[in-house]
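J.: In case you want the letters, here they are:
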Amino acid sequence: MDMKFIHSIGNTLVPNFTLMDPELLWRLIHILDFTFSFYSKNPMFVEQTGAYNATYGRDPAASSTISKITLEILFKISEGYHDQISEKDQDQTDLSEEIQKRINLSKLATKKLIFKCKRILNRYVYDEKRSGNMPLPK
Amino acid sequence: MTKREVEICLCQSKPLPHSKIIFTLRNRLLEICYILEKLTKLHIPKNSFIVRQTDDLNPTLERPIENYTCIIAPEDEEEEGLGNGSLLNLQSGASKLEEIALIPINSHPDMDVKILNSSKGHLIYLMPLFSECITCREPEIKDHLRKIFLEISKGLGVLTF
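Each protein sequence line maps, in turn, to chains Z and Y. Residue 270 in the numbering used here sits at position 79 of the first sequence, and the numbers go up by one each step. Residue 1292 in the numbering used here sits at position 75 of the second sequence, and the numbers go up by one each step.
Bear in mind the hints are in silico, worked out from the structure with no lab data behind them. Misleading hints may appear alongside valid ones.
Said to hold, decoys possible - No farther apart than 27 angstroms at their CA atoms in a straight line, the calculated lysine-lysine pairs in the DSS-like style are these:
(1) Y:K1364 to Y:K1337
(2) Y:K1258 to Z:K309
(3) Y:K1364 to Z:K292
To be verified - Partial chain Y-side listing against chain Z, Cβ under 8 angstroms, derived:
(4) K1255
(5) H1260
(6) P1262
Since the model is a prediction, treat every value here as computed from it, not as a measurement. The beta-carbon is built from N, C-alpha and C at its ideal position, and this holds for glycine as well.
Start from the sequences and build out the full structure, keeping to the hints where you can.
T.: In structure tokens, the structure reads:
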């Protein structure tokens, strides 16, 4: 069910998100953010082990797919207006309120996305530092 | 150390020498590569960052290096965990959007924020983390980092030579 829902968002809503009502898009971004956090326990797309999935009865492959799709959608929303509104136009202050609102929504998605990427990279760097020369167990 | 050598050590009850254990999972490597590739191609909206100039980050040679890598504001921590994603918080609507849509940064007063507020500003923001990733072992990641640093140099207007 989760998979069907997330696929339907990715396939139908996201390609046309510029036509969506700003309030609805705002909610969608928050839901995607929540979904990503919920399905991507440490580490993100890696199959999750044991207790966590047993507790919540989740399929690890489905969890990682959902995390990946939600992140992909956030990427799409973040850069969604880049093709439509040129950088010069973004500097103009006389943009209509509607367009300004949509650019701000794109910024909101960007913020969520960048913090997520930052967290994932941070974890990777931390784990990388911990690996290295270690004695093998006896 | 080969498997045979390990077996010999175990048979002779010799202590095993220190060996390098490399355990980066393939999936994890793929996810990092995926994120780095997507970040390289991403064009964010202009002026996505709000820069607060502070004297706290005044660089001096005596200051430890960790302080310079930390241009990221403590507000970032609010993004940790599930708390901020609570569905109950969705009632506030998009009216407060301007206040929450910007990424806060504490910066040095002399910092040039032009490139930070360009469509590739996220690469500058995440640069301390990219620099940390340089020391990793996987060549795939290094290749992505190379592309990212080229993008940054392009953004800074430095021509390749």
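J.: Now look at each hint and say whether the structure bears it out.
T.: Okay, the hints, checked on the actual structure:
1. The suggested pairing of K1364 of chain Y with K1337 of chain Y holds, with an alpha-carbon distance near 13 angstroms, which does not exceed 27 angstroms.
2. With a CA separation close to 16 angstroms, the supplied pair K1258 of chain Y and K309 of chain Z stays within the 27 angstroms bound.
3. Our distance criterion of 27 angstroms between C-alpha atoms is broken by K1364 of chain Y and K292 of chain Z, whose separation comes to about 33 angstroms.
4. About 5 angstroms separates the beta-carbon of K1255 of chain Y from the nearest beta-carbon of chain Z, less than 8 angstroms, and the hint is met.
5. At its closest, the beta carbon of H1260 of chain Y sits 4 angstroms from a beta carbon of chain Z; the interface hint therefore holds under the 8 angstroms criterion.
6. Checking P1262 of chain Y against chain Z: minimum C-beta separation of about 5 angstroms stays under 8 angstroms; hint holds.
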